[in-house]
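There are 4 protein chains.
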Amino acid sequence: MRETTLNELTEIALKFRDEREWKQFHSPKELAIQVILECGELLELMQWKNGAELEAHLAKKRQDVAEELADVLHGVVLIAAEMEIDLGKAFVEKMKKNAQKYPVHKARGSAKKYNEL
Amino acid sequence: MRETTLNELTEIALKFRDEREWKQFHSPKELAIQVILECGELLELMQWKNGAELEAHLAKKRQDVAEELADVLHGVVLIAAEMEIDLGKAFVEKMKKNAQKYPVHKARGSAKKYNEL
Amino acid sequence: MRETTLNELTEIALKFRDEREWKQFHSPKELAIQVILECGELLELMQWKNGAELEAHLAKKRQDVAEELADVLHGVVLIAAEMEIDLGKAFVEKMKKNAQKYPVHKARGSAKKYNEL
Amino acid sequence: MRETTLNELTEIALKFRDEREWKQFHSPKELAIQVILECGELLELMQWKNGAELEAHLAKKRQDVAEELADVLHGVVLIAAEMEIDLGKAFVEKMKKNAQKYPVHKARGSAKKYNEL
Chain V
1 MRETTLNELT EIALKFRDER EWKQFHSPKE LAIQVILECG ELLELMQWKN
51 GAELEAHLAK KRQDVAEELA DVLHGVVLIA AEMEIDLGKA FVEKMKKNAQ
101 KYPVHKARGS AKKYNEL
Chain F
1 MRETTLNELT EIALKFRDER EWKQFHSPKE LAIQVILECG ELLELMQWKN
51 GAELEAHLAK KRQDVAEELA DVLHGVVLIA AEMEIDLGKA FVEKMKKNAQ
101 KYPVHKARGS AKKYNEL
Chain L
1 MRETTLNELT EIALKFRDER EWKQFHSPKE LAIQVILECG ELLELMQWKN
51 GAELEAHLAK KRQDVAEELA DVLHGVVLIA AEMEIDLGKA FVEKMKKNAQ
101 KYPVHKARGS AKKYNEL
Chain X
1 MRETTLNELT EIALKFRDER EWKQFHSPKE LAIQVILECG ELLELMQWKN
51 GAELEAHLAK KRQDVAEELA DVLHGVVLIA AEMEIDLGKA FVEKMKKNAQ
101 KYPVHKARGS AKKYNEL
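Residue numbers (our numbering), protein chains in the order written: chain V, 1 to 117; chain F, 1 to 117; chain L, 1 to 117; chain X, 1 to 117.
The set of hints was computed from the structure by calculation and includes no laboratory data. Just so you know, these numbers come straight off a predicted model, no measurement behind them. Be careful, since some hints might not be right.
DSS-like cross-link-like pairs, simulated, lysine-lysine; straight-line CA separation at most 30 Å [said to hold, decoys possible]: (1) Lys113(V) / Lys97(V); (2) Lys23(X) / Lys60(L); (3) Lys23(L) / Lys49(V); (4) Lys89(F) / Lys101(F); (5) Lys49(X) / Lys113(F); (6) Lys96(X) / Lys113(F); (7) Lys60(F) / Lys60(V); (8) Lys113(V) / Lys89(V); (9) Lys112(V) / Lys97(L); (10) Lys113(L) / Lys96(V); (11) Lys112(F) / Lys97(X); (12) Lys15(X) / Lys15(L); (13) Lys60(L) / Lys94(X); (14) Lys23(V) / Lys61(L); (15) Lys23(X) / Lys49(V); (16) Lys112(X) / Lys89(X); (17) Lys113(X) / Lys101(X); (18) Lys101(L) / Lys15(X); (19) Lys89(V) / Lys23(V); (20) Lys94(L) / Lys23(V); (21) Lys96(F) / Lys113(F); (22) Lys23(F) / Lys23(V); (23) Lys106(F) / Lys94(V); (24) Lys23(F) / Lys49(F); (25) Lys113(L) / Lys49(F); (26) Lys23(L) / Lys113(L); (27) Lys15(X) / Lys49(V); (28) Lys15(F) / Lys94(F); (29) Lys15(F) / Lys23(V); (30) Lys106(X) / Lys49(V); (31) Lys61(F) / Lys97(V).
Model the full assembly from the supplied sequences, consistent with the hints where possible.
Printed below as a string of structure tokens:
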């Protein structure tokens, strides 16, 4: 289902929300709080481990990672819908901006921030 | 561009990464840290304000919100690619699970957690 | 016990850690991840509610808030110890720096960031 | 200044706040958002690096780490004051609770969560 469009995700999320009459709770701020908490749950799956030990652990927790990623994506889609932001357009435009901040010839192989390149 | 597919987003993100030889830095853990920090930047746009004041502020900051949502989405897509997770499938399956945790007749109009319903 | 010193907190935290031989896990980075996750748990106590409803809720959850604050403080104390940072000194110096960033005559009654004052 | 008491930190923070008439903005929820964002800034100092490279980097960024720890501590102290929580007492009690969750004979040398011990 990698061919799923952002529109389809949005429709699923809004249908779920409206069936439960949850729009009243979904201010962008509450949703942003929700998204950062979901990111925390994602990061928690990776705590206290590194290297090969972490890799083996994540291989076992792949389903949990998938669910947390879905939760983060869910919140992102809801905020975009709430604020009438075209997420696909925002993504493409931000990547263009990133390409200017991190030109290939300067950024290749470097983990530095754009203002340190 | 609401018809953009998750596959297309992924291709853009991987092309950007590979041109810069950044795969070496993109462990799921570092990406999860990146995503939570981007969420922080999103939430920062909504700090210290509420109600009508926040709404007016966000209307002015719509472009910034769009960019932060794009950054969060970017990280999510990269983690999914790194771990070979089908994000569209994960989303649809998680929403089904949520539908069981929050049945309409119990959850309608309530902001309670599923374990308090 | 408001007279507890930072030194005393640190001693308690280090004794707890050393009895369990946990120093090996306590890199500043892992501890920083731990602290942000504890902050998430704190914020979770305040989700989806605002105004009088939130106030009533927090009055009931005061013990939980106290525990999450303790957890955040715990992580902060451990990072400071790990990096040989004098937390009391750092606090006093940062407050002086804040006083320069936010001079009283400009900042009074304003929620603006220092670079917008 | 490791002998600084929590009371002294609180007095500094409240004086700073009251001179600027900022109590009106300092709901526990806004402060909790502030604290999680400060944790993000702390974690950002540790991004994309690990092992010896991270250690060398942090040695250079010790002052920045100290300031971010101070900022997190600042927020914690303000929330405690706002909710009339005795932070020293909360800390000691939470450490006792942790000692029960992680008994020495089970937890020694293990990074597992208490519910996996």
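Status of each hint after checking the structure:
no.: 1; hint: Lys113(V) / Lys97(V); in the structure: holds, 14 Å
no.: 2; hint: Lys23(X) / Lys60(L); in the structure: holds, 22 Å
no.: 3; hint: Lys23(L) / Lys49(V); in the structure: holds, 14 Å
no.: 4; hint: Lys89(F) / Lys101(F); in the structure: holds, 18 Å
no.: 5; hint: Lys49(X) / Lys113(F); in the structure: violated, 37 Å
no.: 6; hint: Lys96(X) / Lys113(F); in the structure: holds, 29 Å
no.: 7; hint: Lys60(F) / Lys60(V); in the structure: violated, 44 Å
no.: 8; hint: Lys113(V) / Lys89(V); in the structure: holds, 24 Å
no.: 9; hint: Lys112(V) / Lys97(L); in the structure: holds, 27 Å
no.: 10; hint: Lys113(L) / Lys96(V); in the structure: holds, 29 Å
no.: 11; hint: Lys112(F) / Lys97(X); in the structure: holds, 27 Å
no.: 12; hint: Lys15(X) / Lys15(L); in the structure: violated, 33 Å
no.: 13; hint: Lys60(L) / Lys94(X); in the structure: holds, 18 Å
no.: 14; hint: Lys23(V) / Lys61(L); in the structure: holds, 26 Å
no.: 15; hint: Lys23(X) / Lys49(V); in the structure: violated, 41 Å
no.: 16; hint: Lys112(X) / Lys89(X); in the structure: holds, 27 Å
no.: 17; hint: Lys113(X) / Lys101(X); in the structure: holds, 9 Å
no.: 18; hint: Lys101(L) / Lys15(X); in the structure: holds, 16 Å
no.: 19; hint: Lys89(V) / Lys23(V); in the structure: holds, 24 Å
no.: 20; hint: Lys94(L) / Lys23(V); in the structure: violated, 41 Å
no.: 21; hint: Lys96(F) / Lys113(F); in the structure: holds, 16 Å
no.: 22; hint: Lys23(F) / Lys23(V); in the structure: violated, 39 Å
no.: 23; hint: Lys106(F) / Lys94(V); in the structure: violated, 40 Å
no.: 24; hint: Lys23(F) / Lys49(F); in the structure: violated, 39 Å
no.: 25; hint: Lys113(L) / Lys49(F); in the structure: holds, 12 Å
no.: 26; hint: Lys23(L) / Lys113(L); in the structure: violated, 38 Å
no.: 27; hint: Lys15(X) / Lys49(V); in the structure: violated, 42 Å
no.: 28; hint: Lys15(F) / Lys94(F); in the structure: holds, 28 Å
no.: 29; hint: Lys15(F) / Lys23(V); in the structure: violated, 37 Å
no.: 30; hint: Lys106(X) / Lys49(V); in the structure: holds, 19 Å
no.: 31; hint: Lys61(F) / Lys97(V); in the structure: holds, 17 Å
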